[in-house]
Amino acid sequence: MRILLAIDGSDDARAASESLVEFPLPAPLHLFVVSVVTLPQALVEIAPVRTVNEALRAQGRRIVDDARATLAPRFGDVEGRVLEGDPRLEIVDAAERWGAEFIVVGARGLGPFRSAVLGSVSTTVVRHAPCPVLVVKRPVPALRSLVLAVDGSPHSIAAARFVAGLPLDRVSRIRLLAVAEPPRFALATPEVPMPLLTVFEEELRAREDTLREVLAGIAATLGGKGPAVESTVVVGGPSEEIVAAANEPGVDLVVVGARGLGAIKRLVLGSVSERVLHHATSAVLVVRT
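Residue numbers (our numbering): 0 to 288.
Since the hints were made in silico from the structure, they are not lab data. Yeah, the Cβ is synthetic: ideal placement off N, Cα and C, and Gly gets one too. Keep in mind that a hint or two might mislead.
Derived EDC-like pairs (lysine to aspartate or glutamate); straight-line CA-CA distance at most 16 Å [to be verified]:
| no. | residue 1 | residue 2 |
| --- | --- | --- |
| 1 | Lys136 | Glu240 |
| 2 | Lys136 | Glu273 |
| 3 | Lys136 | Glu17 |
| 4 | Lys224 | Glu273 |
| 5 | Lys136 | Glu247 |
Cβ pair distances, simulated, as ranges [said to hold, decoys possible]:
| no. | residue 1 | residue 2 | range |
| --- | --- | --- | --- |
| 6 | Lys224 | Arg56 | 36 to 46 Å |
| 7 | Glu95 | Arg49 | 27 to 37 Å |
| 8 | Gly249 | Leu38 | 34 to 44 Å |
Hey, can you work out the whole structure from these sequences and the hints?
The structure is reproduced here in structure tokens:
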């Protein structure tokens with residue numbers, strides 16, 4: 000697998016780098032580490048500007064070299080490069096040029112909005128990336144417990160297949176979670192006539208049954224890979240239920256699928272994936288079809 004790690008020296012970027020030490024990934028592994036520096040714009044190339052630019056480039060090289068040294072025992076010869084420009088654009092462009100199959104970023108970087116739950120760089124990378132993206136919010140020294148959100152759609156099935164392709168022998172628990180959302184009309188109407196309410200209840204039960212069948216198929220695929228697999232169908236709002244599961248004690252990772260859209264439509268990520276990405280306290284893996 001070809002993995003691109005994007006780092007900037009922030010705490011979350013260091014957590015992303017450290018998480019790769021043991022994160023389960025299929026061999027053979029090839030790692031490319033990039034750090035993007037944004038140089039100050041100046042109308043005239045003068046000595047003070049050159050000094051600042053060289054200092055920023057040197058800092059970027061140190062960040063890359065430190066990550067390469069940390070990850071060399073697992074990945075061997077790690078490629079590294081310092082890029083110049085807008086990190087939101089350069090990371091995605093590097094992933095496409097290098098043929099990355101997996102991108103790892105920290106949730107928040109060194110930008111001006113450190114108080115935000117999710118930074119603009121990680122948000123943009125997830126929206127535009129050509130491959131799955133792991134967003135790390137805190138160190139994950141060893142992946143032991145994960146939540147896999149499934150709704151039966153092609154992109155959620157693709158996420159399940161991606162997880163099934165990982166070496167999971169050290170993962171102890173996988174929770175398969177499907178959320179049956181009540182009909183929106185029923186939620187918006189305080190007083191529903193009994194015949195219509197019966198129809199809504201039957202429709203909801205049918206959704207639950209369908210989701211149980213989907214989870215059973217995925218559980219059968221994952222069952223022989225080592226982890227204990229637990230399947231749960233709950234009724235509620237998908238993003239709220241997935242975030243609640245991701246934020247339970249001991250959960251290291253939540254995996255969600257997202258529709259693979261064209262370059263223009265990538266500007267908007269699916270609402271469920273977007274909310275999970277912003278509100279889950281665990282690491283989030285977004286897998287596109």
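Structure-based check of each hint:
| no. | hint | verdict |
| --- | --- | --- |
| 1 | Lys136 / Glu240 | violated (19 Å) |
| 2 | Lys136 / Glu273 | holds (15 Å) |
| 3 | Lys136 / Glu17 | holds (12 Å) |
| 4 | Lys224 / Glu273 | violated (29 Å) |
| 5 | Lys136 / Glu247 | holds (15 Å) |
| 6 | Lys224 / Arg56: 36 to 46 Å | holds (44 Å) |
| 7 | Glu95 / Arg49: 27 to 37 Å | holds (31 Å) |
| 8 | Gly249 / Leu38: 34 to 44 Å | holds (43 Å) |
The structure fails to meet hints 1 and 4 from the earlier list, while all remaining hints are met.
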